[in-house]
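Enquirer: Fit chain B to the supplied structure of chain A, relying on the hints for placement.
Protein sequence lines, in the order shown, are assigned to chains A and B. Sequential numbering of the first sequence, starting at 1, is according to UniProt numbering. Sequential numbering of the second sequence, starting at 1, is according to UniProt numbering.
Honestly, the hints are just simulated from the structure, not real lab data. Any given hint could be a false lead.
Taking lysine to any residue and the SDA-like style, the derived pairs with C-alpha atoms no more than 20 Å apart in a straight line are [to be verified]:
1) B:K324 to A:E161
2) B:K80 to A:A265
3) A:K156 to B:P325
4) A:K50 to B:G280
5) B:K80 to B:S211
6) A:K50 to B:E278
7) A:K44 to B:E233
8) A:K172 to B:I399
9) A:K50 to B:R228
10) A:K217 to B:S260
11) A:K156 to B:D400
12) B:K80 to A:Y3
13) A:K50 to B:E233
14) A:K50 to B:K80
15) B:K80 to A:L187
16) B:K28 to B:T200
17) A:K50 to B:V226
18) A:K172 to B:E233
19) A:K217 to B:G268
20) A:K44 to B:S403
21) A:K156 to B:K324
22) B:K324 to A:D154
23) A:K44 to B:G268
24) A:K44 to B:D33
25) A:K156 to B:T200
26) A:K44 to B:G280
27) A:K44 to B:E278
28) B:K324 to B:G280
29) A:K156 to B:S403
30) A:K50 to B:Q230
31) A:K44 to B:G273
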Amino acid sequence: MDYLDQLESEAIHILREVAGQFERPALLFSGGKDSITLVHLALKAFRPGKFPFPLVHIDTGHNFQEALDFRDDLANRIGERLIVRYVEDTIRAKKLKEPTGRNATRNGLQTFTLLDAIEEFEFDCCIGGARRDEEKARAKERVFSVRDEFGSWDPKRQRPELWNLYNGRIHKGENVRVFPISNWTELDVWNYIRRENIALPALYFAHERELLLRDGKLMATANGVIKPEPDDQLVTRKVRFRTVGDISCTAASESEADTLDDVIAEIQATRISERGETRMDDQLSEAAMEDRKKGGYF
Amino acid sequence: MDLLRFITCGSVDDGKSTLIGRLLYDSKSILADQLEAIERASKTRDNGEVDLALLTDGLRSEREQGITIDVAYRYFQTPKRKFIIVDAPGHIQYTRNMVTGASNCQLAIVLIDARHGVVEQTRRHSLIASLLGIPQIVVAVNKMDLVGYSQDVFSDICIQYAELAKKLNVSAVTYIPISALNGDNVVDESKNMPWYDGPTLLHYLETIVISDDVNPAQGRFPVQYVIRPQTAELPDYRGYAGKVTSGTFRVGDAITVLPSGETSVIDGIELAGQSLQEAGASQSVILHLADDVDISRGDLIVRTDNQPVTSQTIEAMLCWMDTKPLSVGSKYVLQVGTARTRCSVRQIAYQLNVDTYDHTEDVDSLKLNDLANVVLRTAQPISFDPYQQNRATGGAILIDETSNVTVGALMLVGEAG
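Next up, chain A with everything else stripped away, as it sits in the complex (with noise of 0.2 Å):
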């Protein structure tokens, strides 16, 4: 069996078992490659019949419009239910204070967002797109990861994990978040989606735009999302995104790679690993990341 057959089955195995397991499940869903990639292994995981979740979205009211353009056609071309709760909300809601100052991201407080949704709708299980090869404390995390009331993982307290067995059972209030492409890497997504004739949001294939340049970084500088500074510079480039979260962390690269095959044979080529190219919050410290899931960060 070809490497990309085996990811594939393991993936619709572990989203089957999402559905066999758990009684309100979600998928969330962002309108990035990873989510996309997802929501086509549930097509395959789960046709012809209906998915036995709704997709959820976790809009900052910082994201790219492309993206959520994407994000709206795909749930309503395949006719799934697509539920957003908006960052926003929380901030009003909560008297959240919203960061400010230089590089300031609402990336963080996704957290309070998704926890309340997981709340409001009783969510036991969400399904996301990480990927192990992304950052060394996902290097860590089990496929099903048990995640406590505040949606906190502490990864001396996971779960053995054997042959392909999941185990999901857990007490009311908790919530397994679940992995289906961690052993997928970069690479491999897009290999798949040239396989597949996948359908992405045109952000991801180079194009010219206006940007901000900023320590070195291209940002958007779309919704005005980002307040141009003295020092930064307005600049028109060819660029492509290799993630598309958070406009306020994800920058562009400058690239001339428009079509699939030249995209994958340029991130063949490229010295720069996905985050350490385009996530500004990843860099604040050895263990960013692993801080922030501890926190109930997805």
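Expert: Chain B alone, transformed into the frame defined by chain A:
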């Protein structure tokens, strides 16, 4: 391209993390920013040199203590193959993590420090690899640079290990002398050991033939989920979703549903909307049957001409994984495939000494990391194959009913007499 999952095991200071770092580094799987990050971290710790081990210790407390606590998974690929490295902790108190890591692997690399030869951890890890049914073992004799690249030292260790292997159920052992620190025989051939004419470690990993399905005749399909759209277009659609864990199913095959024993014939096989004539091991598909049989999650569909054991009294090898001890008479939830049933531990036949491989009888409780032969009594009949014949249907877990934690790994042996 195919995929090989392997586990690395060895004592704390055998250089396991360095070996993994070396494999990733020499196969150009470490990216520049990751390397910079560990260079920065090495400087903060004032270790002098760049510490490749920092690449694998992902948790704050691991870095603080300088040891690996939990299993981590790393990925790399060469033009020939993709690899998943299961990086299991070598520390003595984390045997359960090694069992966790080993359960999915097709190959184990057992690291031995050339200066120390076969030690307690070598015996322990080899026993676990053997119990977990890993078909291939590579003994990587590391730190050859510290013994002057001596052929005699290497040969002695090979002889020591061969003695040990005789007591275990391991079939294929390969020996490779390496220096993970300097890169001898890891990715590149060593100029320091002209007497060695075998493959480098990476070459071996790239070329070893691994079959995922050792039991082509044992068609096994644990039912995960029943797909019933009940729409106007598909009012009668009823598909059984699951993964073929071993063997092959073809349209027209006579099947039996366990534990009920009802029979039918395969009417159709679907994969993502496409009809297939057959489905083989590790394919996630949907099966359709000719008759309306009562089937739900937890049932096992098998080929009628090759049936597993179905029983309520089961002998198994157990690795106890919880800090709360197991005692005879305790009740747990047993999960085999997609089936779950309550069970009680009826008897501990013997405890297995992981260092001497001796059996101790008259044991009435088990502590964290203990290995034992036990007899379970289940509330419902369970269908399974002996683990040494079929890892997919012979592996099982015990779940604590109150904490919901996975507390035991079971390698099912057979029906208890």
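Enquirer: Could you run down the list of hints and mark each one as holding or not?
Expert: A quick look at each hint next to the structure:
1. For the proposed pair K324 (chain B) and E161 (chain A), the alpha carbon gap of about 18 Å is at most 20 Å, so the pair holds.
2. A hinted pair counts as satisfied when its Cα atoms are at most 20 Å apart, and K80 (chain B) with A265 (chain A) qualifies at roughly 18 Å.
3. As the CA atoms of K156 (chain A) and P325 (chain B) are separated by approximately 19 Å, the hinted pair is consistent with the 20 Å bound.
4. This hinted pair does not check out: K50 (chain A) and G280 (chain B) have alpha carbons roughly 26 Å apart, beyond 20 Å.
5. Pair hint K80 (chain B) plus S211 (chain B) holds up; C-alpha atoms about 16 Å apart against a cutoff of 20 Å.
6. At roughly 25 Å between alpha-carbon atoms, K50 (chain A) and E278 (chain B) are farther apart than 20 Å, so this suggested pair is violated.
7. Distance hint between K44 (chain A) and E233 (chain B) is fulfilled; the C-alpha atoms sit about 19 Å from each other, no more than 20 Å.
8. A C-alpha spacing of about 17 Å is found between K172 (chain A) and I399 (chain B), which places the hinted pair at or below 20 Å, so the restraint holds.
9. Restraint check for K50 (chain A) and R228 (chain B): the C-alpha separation of about 9 Å stays at or below 20 Å, so the hint holds.
10. For the hint pairing K217 (chain A) with S260 (chain B), the CA-to-CA distance comes to about 63 Å; that exceeds 20 Å, so the pair is violated.
11. At roughly 18 Å between alpha-carbon atoms, K156 (chain A) and D400 (chain B) fall within 20 Å of each other, so this suggested pair holds.
12. Annotation: proposed proximity of K80 (chain B) to Y3 (chain A) holds, straight-line Cα distance about 12 Å (limit 20 Å).
13. Using a Cα cut-off of 20 Å, the hinted pair K50 (chain A) and E233 (chain B) holds, with the two alpha carbons roughly 13 Å apart.
14. As the CA atoms of K50 (chain A) and K80 (chain B) are separated by approximately 39 Å, the hinted pair breaks the 20 Å bound.
15. Between K80 (chain B) and L187 (chain A), the direct Cα distance comes to roughly 16 Å. Compliance with the 20 Å bound is thereby established for this hinted pair.
16. Between K28 (chain B) and T200 (chain B) the CA atoms are separated by roughly 17 Å; this keeps the pair inside 20 Å, and the hint holds.
17. Proximity of K50 (chain A) to V226 (chain B) is assessed by CA-CA distance (about 12 Å); at most 20 Å being required, the pair is judged to hold.
18. Between the alpha carbons of K172 (chain A) and E233 (chain B) the distance comes to roughly 38 Å, so the proposed pair goes past 20 Å and is violated.
19. With a CA separation close to 54 Å, the supplied pair K217 (chain A) and G268 (chain B) exceeds the 20 Å bound.
20. At roughly 34 Å between alpha-carbon atoms, K44 (chain A) and S403 (chain B) are farther apart than 20 Å, so this suggested pair is violated.
21. Proximity of K156 (chain A) to K324 (chain B) is assessed by CA-CA distance (about 16 Å); at most 20 Å being required, the pair is judged to hold.
22. At most 20 Å may separate the alpha-carbon atoms for a hinted pair to count; K324 (chain B) and D154 (chain A) meet this at roughly 19 Å.
23. At most 20 Å may separate the alpha-carbon atoms for a hinted pair to count; K44 (chain A) and G268 (chain B) meet this at roughly 16 Å.
24. For the proposed pair K44 (chain A) and D33 (chain B), the alpha carbon gap of about 36 Å is over 20 Å, so the pair is violated.
25. Taking the CA atoms of K156 (chain A) and T200 (chain B), the gap is about 36 Å. The hint is violated against a cut of 20 Å.
26. Proposed proximity of K44 (chain A) and G280 (chain B) is supported: the alpha carbons are some 17 Å apart, at most 20 Å.
27. Using a Cα cut-off of 20 Å, the hinted pair K44 (chain A) and E278 (chain B) holds, with the two alpha carbons roughly 17 Å apart.
28. Restraint check for K324 (chain B) and G280 (chain B): the C-alpha separation of about 40 Å exceeds 20 Å, so the hint is violated.
29. Distance restraint check for K156 (chain A) and S403 (chain B): the Cα-Cα separation of roughly 16 Å lies within the 20 Å cut-off, and the hinted pair is therefore satisfied.
30. With a C-alpha separation of about 10 Å, the suggested pairing of K50 (chain A) with Q230 (chain B) holds against the 20 Å cut-off.
31. A hinted pair counts as satisfied when its Cα atoms are at most 20 Å apart, and K44 (chain A) with G273 (chain B) qualifies at roughly 8 Å.
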